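Given the sequences, and given the hints that come with them, work out the whole structure.
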Amino acid sequence: MIEVILLISAAIFGVGVYGALSQQSFVMIMMGLELMINATVLAIVAFWWGTTGGDPRGQLLVVVVLAVMAIEAAMGFALVTAVYRVRKADITEKLKRLRN
Amino acid sequence: MGGLGGALVVLLAAAVAALVARWLSTVLEPTTLTVPERVPFAGGVPPEVHAWNRYHIRYYVMALLFLAFDMEMVFMYPWAVVFVKEGIVALVEMLMFILILVVGMVYTWRERGFTWA
Amino acid sequence: MSALQTFGIVIFGVGAVVSGWLVFRTDSMVRAAYWLMASFVAVGAILVTLDSQFLGLILILMMAGEMTIMAIFMVMFMMNPAGLNPMVMVHQHRTAIAAGVGSFLLLATVALVADFPADPVPLGADPTAELGFELLGRSMLVFESAGVALLAVMIGAVAVAGKWGRFGDADAGSVEPELEPEEGGS
Amino acid sequence: MGLRALLGRLAAGAEVPVFPVVGGGARSQIQDLRLRSELMLVDSPRHAAVMIVAGSFPPGEVEGLLQVHDQLARPRRTIRWGAEPVPGLDDALVVSGDENRVVAAAVDAFVDLMTGSGPGEPPLLPDVDPVEWRGVGPYGQGGMGMTGGTPYGRPMAERGPARDGLELDQVPITIGPWLPSLPPGLRLHVVLQGDVIQALEVGPAPLRLLDRVDPFRQALVEPVPIAELELARARHHLRWIAEVLRIVDLAGLSRRALVLSHRARPEAGAEVRRLEAAIARSGLFVMALRGVGRISDLPVGWVARAAGSAVDARSEDPGYRSLGFRPVTTEGADAAARVRQRLAETVQSLELAASAGEARAGGHGVMEDPRGRLEVGSPPPAATLLEALPDVLVGQEWGDAVSIVHSLDIDVEAALREVPA
Amino acid sequence: MNPVQAVLFIGVVLGLGAYLVAVLDRVFAGAPGGLRSGLMWPIRRTAFLLVQRRSETERPDAEAWALAPALLAALAAVGLTAVPFTPSLAVADVSAGIVLFGAAMIIVMVAVFLQGWSPNSIFPLIAAYRFAAMALSFGIPFSLVVLTTAIPAESLSVGAVVASQEGLWNVVRQPLGLPVYLVTGAAVAFWGPFRIPEGTDLAGGTALEASGPTLAVWRIARAGVLVTLSVMGAAIFLGGHLGPVLPGWAWTSVKSVALLTLFVWSGHAFARMRVERFVWFGWVILLPIALVDVFASGIVAL
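Residue numbers (the working numbering), protein chains in the order written: chain A, 152 to 251; chain B, 2 to 118; chain C, 23 to 208; chain D, 98 to 518; chain E, 1037 to 1338.
Calculated from the structure, these hints are not laboratory results. Only a predicted model underlies this, so the values are computations on that prediction, with no experimental measurement involved. The beta-carbon is built from N, C-alpha and C at its ideal position, and this holds for glycine as well. Mixed in with the good hints, there may be bad ones.
[What the hints assert, rightly or not] With beta-carbon atoms standing in for the labels, derived distance ranges:
| # | chain 1 | residue 1 | chain 2 | residue 2 | range |
| --- | --- | --- | --- | --- | --- |
| 1 | B | 97 | C | 27 | 52 to 60 Å |
| 2 | D | 515 | A | 237 | 23 to 31 Å |
| 3 | D | 201 | E | 1283 | 48 to 56 Å |
| 4 | D | 484 | E | 1066 | 49 to 57 Å |
| 5 | A | 237 | D | 491 | 37 to 45 Å |
| 6 | D | 213 | B | 27 | 37 to 45 Å |
| 7 | E | 1324 | B | 86 | 23 to 31 Å |
| 8 | D | 201 | B | 33 | 27 to 35 Å |
[Said to hold, decoys possible] Listed below are the simulated SDA-like cross-link pairs for lysine to any residue, each with C-alpha atoms no more than 25 Å apart in a straight line:
| # | chain 1 | residue 1 | chain 2 | residue 2 |
| --- | --- | --- | --- | --- |
| 9 | B | 86 | C | 60 |
| 10 | B | 86 | E | 1304 |
| 11 | B | 86 | E | 1332 |
| 12 | B | 86 | C | 169 |
| 13 | B | 86 | C | 109 |
| 14 | B | 86 | C | 166 |
| 15 | B | 86 | C | 151 |
| 16 | B | 86 | C | 132 |
| 17 | B | 86 | B | 97 |
| 18 | B | 86 | A | 223 |
| 19 | B | 86 | E | 1207 |
| 20 | B | 86 | E | 1331 |
| 21 | B | 86 | E | 1202 |
| 22 | B | 86 | E | 1196 |
| 23 | B | 86 | C | 73 |
| 24 | B | 86 | E | 1336 |
| 25 | B | 86 | C | 167 |
| 26 | B | 86 | E | 1298 |
| 27 | B | 86 | A | 206 |
| 28 | B | 86 | C | 140 |
| 29 | B | 86 | B | 100 |
| 30 | B | 86 | C | 144 |
| 31 | B | 86 | B | 101 |
| 32 | B | 86 | E | 1199 |
| 33 | B | 86 | E | 1061 |
| 34 | B | 86 | E | 1204 |
| 35 | B | 86 | B | 99 |
| 36 | B | 86 | E | 1048 |
| 37 | B | 86 | C | 161 |
| 38 | B | 86 | E | 1208 |
Structure follows, in structure tokens:
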């Protein structure tokens, strides 16, 4: 069973990698990252459930990963806002080009 | 698992019932609306542009604060469950949390994060 | 593990992958954000079937707020946020697909080849309480540092995103960009 | 269709959902319909089955009326309240006469619609796209590139500067003239960024003026009994308070104020005080109006008095002076202060009416009408208020803007009515 | 309880509750007419909305528009499953029942946002963003006061929370909890003074472009959310099915109806709040009260 869940997790992770690499917009890149975190959460819980005999540190890891995601999201949005205020663009390539 | 299967069934049943009510009415008496009938209402004059736009929310600072607060909440659920058993340790922990939350709230308030930018 | 649970896991798993994929296939930013939420909800449902009811539900609870904020910010900053003019806003498309498929294959191989010890969660355990004891016992430091880190994020995000700060307006002295973002994307 | 017939029979007994369109001279008539239990006046044409078109309109405004008609959900029926026909609304049921007749007509029309024996009205405007868009663009959606073209018949909004430095989209839109959230006939050309008004212009009024006598204008030329003037003032204030209460979703109190305006007699002061207490208990001042629309430099009647300055044309009048009249004032200058001020003035007016006896006032070319100083040769106070509107509303959130509009007692029709020289 | 029974049970409770909301709403509105017309009113009104045709806008997000009312109804239903009506009568009195309920009530934000966003019309759009502002402001205090009831119970199961009130109800033990719960609860259902996304200034807001069956489902679902909030409030603050003499289900009903009446009454007693003021109110007033509630309840529980 754990193999099936890990396969699902791998597939979500692959989609996340694709999104994070292919998207031009900051926020869309963040969505790719969040999908990868989603896959990570699933994998951790699968290991916790199947192989650790219910060690609570597995759950703790999930909570920490979620906290990391919240931090990433909050700082990401704050930066997007600050950058947009100055540059009026939210696309990575536009920014590269705008750099003097 | 257990009871949550029942919850899932109830969830789906309610959604399906609502969708069926909507779908039935179109099946019983199909109507095609004309262009003027589909114009969004804003008092009688058709809009010049689409309403969908890069909508400027005025509370984005507060939205960011919510993200962090939401995460703090996640820690509080397991904490509440073991509170009575852990006793004074948990109480001290909670004080720290409340302090963090209050500091974040007061800072944002001071930075005018709860008003329309 | 009953057949019904296996069935549920597979259904939700497929749902999580498909809705994750749709995030990058839709033109509307609101739909993209809520497809991502659907992916998280599906994963949350899988977690529930894996004896971690609390984690699954809390994931769903968190994501509702976070994805609405995501939608709000995406609509705010993306051109054509509702996808009224369909668009393709990608770069290095082929590399990205290759990387995505590659990472899937790698992880899938690991998942299938590696031999995991079978040591399931004991019956009758209360994972939420265990997590609570863990947080207030052995791993108190993690708990504390997460709390403090979140406070730092609160203050940092507010300071970075806000219009007003103790050093004056956020956009004071900023230069106009030399190029306007072009119409039509690339 | 058995189910349809059953539902129709049940539905026929429901309150008639009415969307009101208010033309010149019909504002208080339509307001009074809110007291009728047979009708339910709704804010959106999508919720209505019957549209009541009351008052008079200049010929050029018919298109907007037809647009609202088509926005009514099917099945629908139109009632023209008033003898003079509106071109384009030829199928409308014409009712002239008093309120009872129009309510009866609305109920009959609704029963007909529900039981299926009466025909619902077809759309009145032609079924054509405002802009040709079909077939253009890669998906035939009418657009090109990222934000170009007219996807699905309309262009997209474009960016503009904002006070917080985020240059995001601005939506130019005309709000009104038939939006029930605004005073009838008020047409606002607004630029919205998010829910904040970036720019605003007041459009031409789609109302035709009707000649009407009101005691305040009469008092410009000849002395009028003070009791009559003050009762009219109290009635006006109570109607206005009813409207403000309706906008903040206090329907019950709004009806109470409206009923009170019909029963405004000199001895009704205690009832007004009770109304004021109920309003204060509802949190109107604290939750909805405090700090909204601070205006301290507009020298118009009660707006100035709500900012603490005791200007009142009545204090110049010998008739009023003989009664010992002194203007009441309130501090605060915000919308809450304006409501409190008018409540206090209502009580004061009722007291004046009670003590006036046969005393008369006026005849000197100056009189304080319910809004402010009405003087021969200068624009009416309603026009001054309407003119001040753009300055006051720019930068306000939409909900606050609506509150401010109502707190200023904007009346497009009264603003048009010039003061004869 | 098997799935069919569960669906029927929740359906009947929500249906009766929504009907009661409509009747009470009319009573508090001071509508004329006798008892008969009051009792018939919800039925007649629903019949009208079913006869009325659904309206559409120019270029809506049609799928999301169809989904939004259904989602709201589903959330009301699923939130109700976590509550035990008697010690044995519950669909999903699961170990994380409070989280289940909390998640359902927070996702209401998604349903309302979609309902406002989908028609591509300016006032519903503004309404959608208003509700997002509201939800982000009441979300934390709402979750906090619900969570606090788990402290004495040492469990996140609603059944355990009810059982923990055997000696003393939470409304006494956590006196700040119920008031904050009622205020934020009314905001969850955008009811009463918090009818901010459906206010008259927006000509109906999220419901502006909805007519006929869409509007009917939307209104019924919103009433359903109120019912769910009342039943849950009765369970976690008023001791749910605990009480002398009467059977458990009767106590649950009596307490729920009391809270429901309070909710509906607030719809006619208070002016609609400004949205900016609500944001301030949620963060600067409700949140500290909720935090004090957590702390005080912690001390009491020790």
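message = Could you work out which of the previously given hints the structure breaks and list their numbers from low to high?
response = Hint check: 1, 2, 4, 5, 6, 9, 10, 13, 16, 18, 26, 28, 33 and 36 fail, others pass.
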